[in-house]
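Those protein sequence lines, which keep their order, are chains A and B. Counting in the numbering used here, the first sequence runs from 4 upward without gaps. Counting in the numbering used here, the second sequence runs from 4 upward without gaps.
Rather than coming from a laboratory, the hints here were simulated on the basis of the structure. We treat Cβ as the ideally placed atom computed from N, Cα and C, and that holds for glycine. One should not assume that every hint holds.
[What the hints assert, rightly or not] Straight-line alpha carbon distances no greater than 25 Å define the calculated PhoX-like cross-link-like pairs of lysine-lysine that follow: (1) A:K22 to B:K60; (2) A:K72 to A:K51; (3) B:K72 to B:K15; (4) B:K67 to A:K60; (5) B:K19 to B:K60; (6) A:K67 to A:K22; (7) A:K76 to B:K22; (8) A:K76 to B:K44; (9) B:K58 to A:K76; (10) A:K72 to B:K76; (11) A:K76 to B:K19; (12) A:K44 to A:K67; (13) B:K58 to B:K44; (14) A:K67 to B:K67; (15) B:K60 to B:K15.
[Stated by the list, open to error] One side only, chain A facing chain B, incomplete, derived with CB under 10 Å: (16) V9; (17) D11; (18) Q14; (19) S34; (20) A52; (21) G53; (22) K60; (23) R69; (24) K76; (25) V78; (26) E82.
Protein chains: 2
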Amino acid sequence: MYVILVYDIEQKRVGKMLKLCRQYLNWIQNSVFEGDLTDVKLNELIHKAGGIMNKEKDSMILFKSRQEKWLEKGVVGREKNELDNLI
Amino acid sequence: MYVILVYDIEQKRVGKMLKLCRQYLNWIQNSVFEGDLTDVKLNELIHKAGGIMNKEKDSMILFKSRQEKWLEKGVVGREKNELDNLI
C-alpha cells in the first residue's frame, strides 16, 4: 500500500517521530513522508507513533492508496536532497 | 482532480501562502491542504504560489489523484476543528 504521512508534532517530540517515520518511509519534506508499506508494517508504525504523540496536541494524517500509480506527485521549489532519504 | 498540497515555507512567507492555499483548498493540518480542483484552478494556484515562494528555500509538494475514492485518509491524534476549514 502506498502511504503519504504528514505530522504536526510539538517540537520536543519531533526528533523521535522523525526517527520512527524514517524507519518505515522516505522523508520527502519537513514533516512529510511517503512509501510503500504492508498493512502490518503500517499498523506497527501507527502503534509506535501513538506511543510518542500527545494525542491532545499532536496530529498525524495518513493518506493511503492501493496503488502508487493512482497518485501523481509534483514538486515546486526546492527538492530535498536524495541523500536525505537514505537512512 | 483531488489534490493534496503540503508546503515547507520560511516563516516570513507563510501567512501569504496560507491565505492563498485556503482560497483553493481545505486546510487540514499545519501546512497541509486538500480538495478538488480543476486543472485550470490548480495551475492558477501553482502560478500564484510561485510568486510568493523563494524557490531556492521553499518547497511545495502536490499529490494529485483523478478520483478522491482512490485515497483513504486517516487521522491519529488531534483533528483540526471543522471551523478551520471555513474561509
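The hints, checked one at a time:
{"no.": "1", "hint": "A:K22 to B:K60", "verdict": "23 Å, holds"}
{"no.": "2", "hint": "A:K72 to A:K51", "verdict": "28 Å, violated"}
{"no.": "3", "hint": "B:K72 to B:K15", "verdict": "36 Å, violated"}
{"no.": "4", "hint": "B:K67 to A:K60", "verdict": "29 Å, violated"}
{"no.": "5", "hint": "B:K19 to B:K60", "verdict": "16 Å, holds"}
{"no.": "6", "hint": "A:K67 to A:K22", "verdict": "21 Å, holds"}
{"no.": "7", "hint": "A:K76 to B:K22", "verdict": "23 Å, holds"}
{"no.": "8", "hint": "A:K76 to B:K44", "verdict": "17 Å, holds"}
{"no.": "9", "hint": "B:K58 to A:K76", "verdict": "17 Å, holds"}
{"no.": "10", "hint": "A:K72 to B:K76", "verdict": "17 Å, holds"}
{"no.": "11", "hint": "A:K76 to B:K19", "verdict": "23 Å, holds"}
{"no.": "12", "hint": "A:K44 to A:K67", "verdict": "13 Å, holds"}
{"no.": "13", "hint": "B:K58 to B:K44", "verdict": "21 Å, holds"}
{"no.": "14", "hint": "A:K67 to B:K67", "verdict": "13 Å, holds"}
{"no.": "15", "hint": "B:K60 to B:K15", "verdict": "12 Å, holds"}
{"no.": "16", "hint": "V9", "verdict": "5 Å, holds"}
{"no.": "17", "hint": "D11", "verdict": "4 Å, holds"}
{"no.": "18", "hint": "Q14", "verdict": "12 Å, violated"}
{"no.": "19", "hint": "S34", "verdict": "7 Å, holds"}
{"no.": "20", "hint": "A52", "verdict": "6 Å, holds"}
{"no.": "21", "hint": "G53", "verdict": "7 Å, holds"}
{"no.": "22", "hint": "K60", "verdict": "6 Å, holds"}
{"no.": "23", "hint": "R69", "verdict": "7 Å, holds"}
{"no.": "24", "hint": "K76", "verdict": "5 Å, holds"}
{"no.": "25", "hint": "V78", "verdict": "5 Å, holds"}
{"no.": "26", "hint": "E82", "verdict": "7 Å, holds"}
In this structure, the hints that do not hold are numbers 2, 3, 4 and 18, in rising order.
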